[in-house]
Amino acid sequence: MAEVKRDDIINLVDLRKEFDDGFVAVDNINLYVRRGEFITFLGPSGCGKTTTLRMIAGFERPSSGKVLLNGEDISMLPPHKRPVNTVFQRYALFPHLNVKENVAFGLKLRKVEVTYEDENGDRFKRIEKLTREEIDAKVEKALKMVDLEGFESRSVSTLSGGQQQRVAIARAIVNEPEILLLDEPLGALDLKMRKDMQLELKEMHKKLGITFIYVTHDQEEALTMSDTVVVMKDGVIQQIGTPTDIYNEPKNTFVADFIGESNIFSGTALGGKKVRFIGNIFDCVDDFDKNEKVDVVVRPEDVYLVDEGLGQVNGKIISSIFKGIHYEMVLKVGKTEVVIQDTKERKVGEKASIIIRPEDIHLMHKEFSSNKYEGYITKKNTVCFGDGEFDCDVTTLYPNSILDEEGYLITENGEKIDLTDVDVEVEVGLKDIEISDNLEEGGASGQIVSIIYKGDHYQIIVRTEENEEDFVCDTEYTWNENDIVSVIIKPEDIKLKLKEEVKR
Amino acid sequence: MIKKFFSRGYIFLVLAFIYAPIFLLVIYSFTDSTVVGVWSGFSLDLYKRLLTDGEITPVIINTLVLALLASVLSTILGTLGAIGLHYSRGGFGKVVKGASRVSIINAEIVTAISLALIFSLILGTSRSYFSVLIGHMVLCTPFVVLSVTPKLEQMDSSLYEAALDLGATPRKALFKVVLPEILPGIFSGFLLSITLSLDDYVVTAFTKPATFETISTKVYNSLAKGGANSSLPVFRALTTVIFVVAIIVVIIMNIKRKKKKEK
Chain B
1 MAEVKRDDII NLVDLRKEFD DGFVAVDNIN LYVRRGEFIT FLGPSGCGKT
51 TTLRMIAGFE RPSSGKVLLN GEDISMLPPH KRPVNTVFQR YALFPHLNVK
101 ENVAFGLKLR KVEVTYEDEN GDRFKRIEKL TREEIDAKVE KALKMVDLEG
151 FESRSVSTLS GGQQQRVAIA RAIVNEPEIL LLDEPLGALD LKMRKDMQLE
201 LKEMHKKLGI TFIYVTHDQE EALTMSDTVV VMKDGVIQQI GTPTDIYNEP
251 KNTFVADFIG ESNIFSGTAL GGKKVRFIGN IFDCVDDFDK NEKVDVVVRP
301 EDVYLVDEGL GQVNGKIISS IFKGIHYEMV LKVGKTEVVI QDTKERKVGE
351 KASIIIRPED IHLMHKEFSS NKYEGYITKK NTVCFGDGEF DCDVTTLYPN
401 SILDEEGYLI TENGEKIDLT DVDVEVEVGL KDIEISDNLE EGGASGQIVS
451 IIYKGDHYQI IVRTEENEED FVCDTEYTWN ENDIVSVIIK PEDIKLKLKE
501 EVKR
Chain H
1001 MIKKFFSRGY IFLVLAFIYA PIFLLVIYSF TDSTVVGVWS GFSLDLYKRL
1051 LTDGEITPVI INTLVLALLA SVLSTILGTL GAIGLHYSRG GFGKVVKGAS
1101 RVSIINAEIV TAISLALIFS LILGTSRSYF SVLIGHMVLC TPFVVLSVTP
1151 KLEQMDSSLY EAALDLGATP RKALFKVVLP EILPGIFSGF LLSITLSLDD
1201 YVVTAFTKPA TFETISTKVY NSLAKGGANS SLPVFRALTT VIFVVAIIVV
1251 IIMNIKRKKK KEK
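Chains as they are written, first to last, in this note's numbering: chain B, 1 to 504; chain H, 1001 to 1263.
One or more of the hints may lead you astray.
[Unchecked claim] Which chain H residues stay away from chain B? Per the calculated CB distances, all over 10 Å, these:
| # | residue |
| --- | --- |
| 1 | Ala1099 |
| 2 | Ser1128 |
| 3 | Leu1159 |
| 4 | Val1249 |
[To be verified] Chain B stretches covered by chain H per the calculated footprint, using a threshold of three residues with CB under 8 Å from any CB of chain H:
| # | region |
| --- | --- |
| 5 | 74–81 |
| 6 | 84–91 |
| 7 | 102–112 |
[Stated by the list, open to error] Here are the in silico distance ranges between beta carbons for each label pair:
| # | chain 1 | residue 1 | chain 2 | residue 2 | range |
| --- | --- | --- | --- | --- | --- |
| 8 | H | Leu1191 | B | Glu119 | 45 to 51 Å |
| 9 | B | Pro78 | H | Ile1252 | 49 to 55 Å |
| 10 | H | Phe1187 | B | Glu261 | 54 to 60 Å |
| 11 | B | Asp20 | H | Val1244 | 52 to 58 Å |
| 12 | H | Val1065 | B | Lys111 | 57 to 63 Å |
FYI, nobody ran anything at the bench for these hints, they're computed from the structure.
Think of the CB as a built atom: it goes at the ideal place given N, C-alpha and C, for glycine as much as any other residue.
Please put together the full structure from these sequences, using the hints given.
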């Protein structure tokens, strides 16, 4: 169990939600929320952010794991017993009640303990409802907070979207909850209104001093308002940090890509705070292992455009779009495109050069999930990729197909296809590659350039000589760097996919 | 111009076919002739008999009380059923929902005979007020479910959650938020039940005790017996009253709807 810190108001412990249809919306997340902070769950739709919020509110029960409030497990507590209130995505105002009745809804249900003293001086306690005067005063205060004084008797259906939103907020904060949950509350408003409300919400958070948990898919909204941003994807937390951390030091390509605009290049760390990408060697501030394949993130506003020959890399402008405060231009460097934002326009076709400062280059460890290659099928129905040739099962390219004696593929409709020279995408799992001393045994051979111990196995990278193709494999056995080895892949472990439909 | 004339004329014809018999009925309710088609002078005698006739008054009261009782009970049962079905998860709810629709499409005679069969098994040959009431509830409840369900489906599902979130227990949320939202559906289900129950003959005939008569069964019996002494002419006045009441209800509902729209 996670240790509960003193100033934590919410702790999510191994929280998981699997729906009846087997969809895992939230996959074992751990998180703490500090008292009084403005925390935002950010991610694309279906990432589990709303489900997490609903588990904190009590609308969904976790499949496993716990929600702790002030250190107490509230996972099974029904929503009406939790000291949290929610502002819903589509406001969820009660249409049959007017503004005041909507805001007073929670107060009318509230019961408080009042201490009395009788004639003998004995004290006794009674559970009582709030008096009408108390309710009126609280409602008035809440409506003032959201700038809706004088709207008390208006029907909610006559209000604009922004006003309805304010009523929804007033209705929630009037109950003085410990935590205010906001589920994409600005999603239905237009851009201008949204920007105003963002600032107002931030202001409100300061005034109330309670914890705000906010859910949005809008990265700009998250960066503007939050103290802490939690980036989620596929029910898993990708990164937790302050807006500046998330923006400047994204942990992986997903975060870099989702937050703001970014150039993500494949590069190779050269050791000694140097990295090679887009055909040039750059100084950077991250020190990664020599020869490690990395993802390089550079924000478009951090790329400086200068005249040809004056910068680090030369290229040609292939597109330029006016975006209001700046131009967004694309510079083609070799085969790669670099997106640049600059206030000074350079015309399409112009040659230019770029400078990227070391502190603006952010390196990230590449996550290997599988090896992917581009290859082609040979006459013998084997597949060539990664500077080698491997036996494979070409019938997997077409469902229910078979091979005839002459080596032609017969599809399930009886069509005959010659697969020679057909381009394919090849995928090989990390655990499906075996390394051998015997150079004749494997389909390709190369030099071991990296061995990383990953706790319970080694991750070895074998690089071929000709085109520097990499084979990344997980193995229990240790090898020596610079050994020349061959790689063996079983035919059934080579996953093939057609690049495009073959003409018949 | 000619086109307009014909299209208007067509509509007029259709309306005439619908309303001419009713107007004829209304006109002949103001004469005390026993044979329809013979005008024996203007008279309010039939309306007088409606209130004084020892044979007719209890029948009217029977019909109204039965309709009200059956409708109220069906509305409660149907509303609860619709809410339960709406919030039930998984395949079972869907099956029950589908099953509740079958009895709407089903021929009334099938319902009536099967009810008669079941009451025969339970009560033997005797029938009671209880059996007619159950019969009418079986008739009405599916229609209440049918008119409440769309209101539940239209309702923003987060309303109920919002009520819980603000501290309402599930029961309070139901009464303070869900019920007010689906009230129009409950009301139209109730009206539907009343009209169904008021003019029902088949189910009533199969489930009523021998001494109990509603307007429909009485009319049918009088017609079957025939003869000059039959109370048939009185029903001209009665049906006129029912028609006028129905018209008033429709007008009130239309005005209400219009007002709501203007709001």
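Results of checking the hints against the structure:
no.: 1; hint: Ala1099; result: holds, 22 Å
no.: 2; hint: Ser1128; result: holds, 41 Å
no.: 3; hint: Leu1159; result: violated, 5 Å
no.: 4; hint: Val1249; result: holds, 23 Å
no.: 5; hint: 74–81; result: holds (count 3)
no.: 6; hint: 84–91; result: holds (count 6)
no.: 7; hint: 102–112; result: holds (count 4)
no.: 8; hint: Leu1191/H to Glu119/B: 45 to 51 Å; result: violated, 58 Å
no.: 9; hint: Pro78/B to Ile1252/H: 49 to 55 Å; result: violated, 42 Å
no.: 10; hint: Phe1187/H to Glu261/B: 54 to 60 Å; result: holds, 55 Å
no.: 11; hint: Asp20/B to Val1244/H: 52 to 58 Å; result: holds, 54 Å
no.: 12; hint: Val1065/H to Lys111/B: 57 to 63 Å; result: violated, 43 Å
Violation of the numbered hints given earlier is confined to hints 3, 8, 9, 12; the remaining hints are satisfied by the structure.
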